[in-house]
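Asks: Take a look at the letters that make up each chain.
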Amino acid sequence: MSLLKQMFGAKPQLTASQVDRLRAWRDQPEPDTRLPFDASRLVVVDVETSGLDVRKDHLIAIGAVTVVNGKIILADSLDIVLQQRYVSGKDNILIHGIGGEAQRQGMHPADALLAFLEFLGKSPLIAFHVEFDQSMIGRAMKAHLGFRFEHTWADLAYVAPALYPQLARRYRSLDKWMELFGIGNYARHSALADALATAELLLALRPQLEARQTMSFQSLRDLERERRLQTHPI
Amino acid sequence: MTSTPPNSLILATLDHLSRFAPFDRMEREHLIWLAERLSLGYYAKGEIITSPEQGEVSHFLIIKQGVVQGEQDVVRAQEDAAWLELHEGECFPLGALLSKRPVTSLYRASEDVFCYELSAEDFLALTHKSEAFHDFCTRRIANLLEQSKHIIQAQYSQSSAEQQSMSSPLSAIIRREPIACDPQTPLREVLESMNRHSIGSMIAVDANHKPVGIFTLHDVLSRVTLPGLSLDMPLANVMSPNPFTLPPHALVHEAALAMAKHGFRHILMVENGRLKGLISEKDLFSLQRVGLRQVSSAIRNAERLECLQQSARDIRELAHNMLAQGVAAEQLTQIISTLNDLLTNRIIELELRENPVGDIEFCWLALGSEGRLEQTLNTDQDNGLIFSVPAGSSAEEVRARLLPFAKRINNSLDACGFPLCGGEVMASNPKWCLSLDEWKNTFDKWIYHGAPMDLLHSTIFFDFRPLFGAQHLAEALREWLRVEARKNTRFQHQLAVNAMKNRPPLGMVRDFVIGEGHTLDLKLNGITPFVDAARIFSLAHGITATNTLQRLREIAEPLNIKPHDAEAYGDAFLFIQLLRLRLHHEQTERGESLTNKVNPDSLNNLDQRILKEAFRQARKLQTKLGLDYQV
Chain A
1 MSLLKQMFGA
11 KPQLTASQVD
21 RLRAWRDQPE
31 PDTRLPFDAS
41 RLVVVDVETS
51 GLDVRKDHLI
61 AIGAVTVVNG
71 KIILADSLDI
81 VLQQRYVSGK
91 DNILIHGIGG
101 EAQRQGMHPA
111 DALLAFLEFL
121 GKSPLIAFHV
131 EFDQSMIGRA
141 MKAHLGFRFE
151 HTWADLAYVA
161 PALYPQLARR
171 YRSLDKWMEL
181 FGIGNYARHS
191 ALADALATAE
201 LLLALRPQLE
211 ARQTMSFQSL
221 RDLERERRLQ
231 THPI
Chain B
1 MTSTPPNSLI
11 LATLDHLSRF
21 APFDRMEREH
31 LIWLAERLSL
41 GYYAKGEIIT
51 SPEQGEVSHF
61 LIIKQGVVQG
71 EQDVVRAQED
81 AAWLELHEGE
91 CFPLGALLSK
101 RPVTSLYRAS
111 EDVFCYELSA
121 EDFLALTHKS
131 EAFHDFCTRR
141 IANLLEQSKH
151 IIQAQYSQSS
161 AEQQSMSSPL
171 SAIIRREPIA
181 CDPQTPLREV
191 LESMNRHSIG
201 SMIAVDANHK
211 PVGIFTLHDV
221 LSRVTLPGLS
231 LDMPLANVMS
241 PNPFTLPPHA
251 LVHEAALAMA
261 KHGFRHILMV
271 ENGRLKGLIS
281 EKDLFSLQRV
291 GLRQVSSAIR
301 NAERLECLQQ
311 SARDIRELAH
321 NMLAQGVAAE
331 QLTQIISTLN
341 DLLTNRIIEL
351 ELRENPVGDI
361 EFCWLALGSE
371 GRLEQTLNTD
381 QDNGLIFSVP
391 AGSSAEEVRA
401 RLLPFAKRIN
411 NSLDACGFPL
421 CGGEVMASNP
431 KWCLSLDEWK
441 NTFDKWIYHG
451 APMDLLHSTI
461 FFDFRPLFGA
471 QHLAEALREW
481 LRVEARKNTR
491 FQHQLAVNAM
501 KNRPPLGMVR
511 DFVIGEGHTL
521 DLKLNGITPF
531 VDAARIFSLA
541 HGITATNTLQ
551 RLREIAEPLN
561 IKPHDAEAYG
571 DAFLFIQLLR
581 LRLHHEQTER
591 GESLTNKVNP
601 DSLNNLDQRI
611 LKEAFRQARK
621 LQTKLGLDYQ
631 V
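In order, the protein sequence lines correspond to chains A and B. FYI, the working numbering numbers position 87 of the first sequence as 87, with every residue one higher than the one before it. FYI, the working numbering numbers position 35 of the second sequence as 35, with every residue one higher than the one before it.
Just so you know, these hints were derived from the structure itself, not from any lab. Each hint should be verified, as a subset may be incorrect.
[What the hints assert, rightly or not] Once the Cα atoms are required to be at most 35 Å apart in a straight line, the calculated DSBU-like pairs of lysine-lysine come out as:
| id | chain 1 | residue 1 | chain 2 | residue 2 |
| --- | --- | --- | --- | --- |
| 1 | B | Lys523 | B | Lys129 |
| 2 | B | Lys407 | A | Lys122 |
| 3 | B | Lys523 | B | Lys407 |
| 4 | B | Lys129 | A | Lys176 |
| 5 | B | Lys210 | B | Lys129 |
| 6 | B | Lys562 | B | Lys624 |
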């Protein structure tokens with residue numbers, strides 16, 4: 001497939017089994033996002049890409065952990081590298097540490113994205129700076145699976161400042177918030193490690209959420225919306 | 001769960017866990033099994049993690065980050081009720097999980113905490129799978145101690161144990177480069193230099209530092225003084241040329257052999273033609289001197305105080321070597337005490353030979369730590385005398401004859417490195433040189449009045465032990481005390497109140513009751529609580545042993561202390577003793593004066609944990625004391 005075709009959205013060819021897997025995923029029921037955290041499954045995600053341009057750069061890796069009933073389940077985690085036709089530049093490799101060899105040997109993109117979907121199920125997604133992860137994953141889904149990935153996300157980059165308005169000005173990056181709660185990171189800029197740190201941040205926000213009696217995914221969304229309206233009034 | 005290879009998160013968890021006991025000793029396969037079953041939970045500062053009300057424990061927790069405190073008394077739990085403090089890598093609650101019951105302590109996050117959590121079911125499965133894990137859970141303190149011992153052995157084995165063998169290379173016993181000079185140096189300068197450095201020989205070296213001659217103090221008489229040579233002569237005129245040399249890899253016994261064969265007193269060690277070291281006859285002797293048998297026989301056969309002074313130094317050297325070889329603290333303190341006993345005995349024998357005291361029947365008493373057979377290397381004198389009064393004489397008369405004798409012995413002990421007691425608890429003090437009846441009266445007053453000073457005295461004197469002379473006098477006093485102390489529960493209560501004023505520290509880093517200069521007093525905070533409790537319980541139950549470990553063993557049954565609890569008390573006590581010995585050894589190496597103060601940060605992670613556990617045991621024993629005497 002030429003770069004041009006890819007950019008203008010030629011329909012990718014899926015195998016029969018890939019089509020079946022996609023359908024099976026789509027047919028799953030939607031969860032109730034109003035359930036409290038200690039009775040629900042949430043997926044926290046982070047991606048690594050060839051760069052920061054959401055229109056041109058492409059998805060290299062997805063890392064995800066689950067928070068089930070309020071706890072992070074270590075084994076229920078995903079660390080997946082998408083096979084790359086063109087290995088990203090040296091500067092980029094130095095950031096996420098996924099070398100050329102690993103990029104070439106990754107999972108076929110369609111299979112990798114299907115594996116992600118199967119891992120995700122219909123659980124709601126959480127990330128820090130959702131726009132980026134959402135666009136990168138969305139574009140890859142469109143390109144390799146040929147469908148619009150419309151999922152429910154909540155963004156901790158808005159939730160955290162909504163809970164700690166007095167800190168909002170100084171705390172903008174994930175690193176800053178991790179620092180506030182003394183959260184470590186075993187490998188910063190590895191998708192899975194960053195997903196874990198984001199999930200730990202979610203757990204650390206719990207006392208504030210409890211204090212406001214906002215203990216469901218839906219209430220995270222409400223907080224996020226509230227914060228967005230404050231910072232970018234329409 | 002997953003059959004695929006573990007992902008980076010599982011591997012990172014594995015790496016993190018393997019930094020801590022017992023995970024560092026577990027097989028990788030078991031660690032992966034564990035990591036794949038862990039969840040990660042968060043507890044905000046102040047939040048309760050698990051408590052007795054929650055019923056049977058559901059999870060095994062390993063601290064990923066943060067500090068957890070355990071509070072034993074849930075009803076009266078206050079902020080200062082913390083009784084143990086757990087840090088990164090530590091796990092809880094073990095006892096409750098093993099016996100499938102609720103926890104007895106309340107565990108609370110004392111700052112924001114992340115914990116790895118394993119279900120109780122998986123925890124039990126893991127104890128069956130992994131022997132290392134099982135061993136850790138069931139014999140926590142014993143297990144940690146074993147590990148610590150291995151580390152100590154590894155640390156010391158190179159530095160000293162090797163040095164002590166005749167089959168080690170010369171390079172192992174050379175401490176520094178010898179002092180040398182040019183052969184043309186005038187004799188006067190050479191002799192001045194030898195005097196200044198207190199050395200017995202001077203080596204002459206050429207411009208390339210190759211040894212060309214040796215000159216010893218022995219040579220001064222025959223080659224300089226008697227021939228009447230001028231001190232302006234160059235060294236080259238009187239030195240012995242072409243000294244005997246050996247390479248660094250030659251063995252110590254080769255040097256000994258060469259000395260014996262050729263009658264040399266010195267051998268030079270030369271590497272690539274350059275002078276590197278000097279081995280003297282004395283160095284070789286000292287290698288053989290400091291065995292246990294050698295030291296004790298040297299003491300038994302010593303004819304002069306100077307010999308005993310050397311023996312006293314040898315005892316310290318021996319203790320250091322044994323510490324290095326990983327000899328347990330119990331044996332080590334007993335060996336030190338036994339050798340010190342021998343030394344004291346010999347001092348008394350020599351003194352009696354010099355200045356006999358005639359037919360007076362007396363017994364020299366060891367008090368305090370010496371009485372308990374728990375001497376470390378930092379011990380001043382604590383002793384007394386007990387005597388019988390012959391018919392027609394008075395206690396004053398006998399005392400007047402014994403005091404000068406005792407004074408000389410105290411001074412001799414001082415000369416051997418046992419400093420005079422600052423508190424004057426010595427046999428030469430008329431207050432502590434008493435007849436059997438006088439001792440009984442003194443003890444009786446302490447027991448019935450129980451003034452602060454009386455209580456303090458009883459902690460030193462009630463641990464008395466006969467050391468030399470008429471043992472039956474000491475035995476009679478012990479029997480009297482056994483009966484009297486047991487009867488007086490008010491006195492026991494007072495002792496308990498006094499003992500409970502000295503609380504062992506809580507945790508390790510924060511919350512620590514740390515004294516001046518960020519230090520912990522191992523003796524006061526660590527040893528004393530065990531010693532005091534063991535003494536009080538022994539007095540109360542008519543146990544006559546004075547050694548703390550023996551006391552702990554003997555009180556277990558009458559007090560209904562479970563055997564494994566008694567064992568844990570003993571282990572904890574011994575660990576703190578071992579730390580003290582190590583501390584003293586390190587201070588000796590650095591040429592510092594000996595103290596019991598240690599900076600907790602200077603201990604490795606494992607030792608910190610054991611020490612914390614040892615303090616916890618001390619608090620547990622104190623709690624028992626408090627309950628029994630309603631303090």
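Asks: Does Lys407/B pair with Lys122/A here, judged by a C-alpha cut-off of 35 Å?
Replies: violated, 91 Å
Asks: Is the Cα-Cα distance between Lys523/B and Lys407/B 35 Å or less?
Replies: The given pair, whose Cα atoms are some 29 Å apart, holds under the 35 Å limit.
Asks: Check the hint pairing Lys129/B with Lys176/A against an upper bound of 35 Å on the C-alpha distance.
Replies: violated, 41 Å
Asks: For Lys210/B and Lys129/B, compute the direct alpha-carbon distance and say whether it is at most 35 Å.
Replies: Outside the cut-off at roughly 64 Å; violated.
Asks: Check whether the Cα positions of Lys562/B and Lys624/B lie no farther apart than 35 Å.
Replies: holds, 13 Å
Asks: Could you grab the alpha-carbon distance between Lys523/B and Lys129/B and see if it respects the 35 Å cut-off?
Replies: Given pair Lys523/B, Lys129/B is violated - Cα atoms ~40 Å apart, limit 35 Å.
The structure fails hints 1, 2, 4, 5 (numbered hints given earlier, in ascending order).
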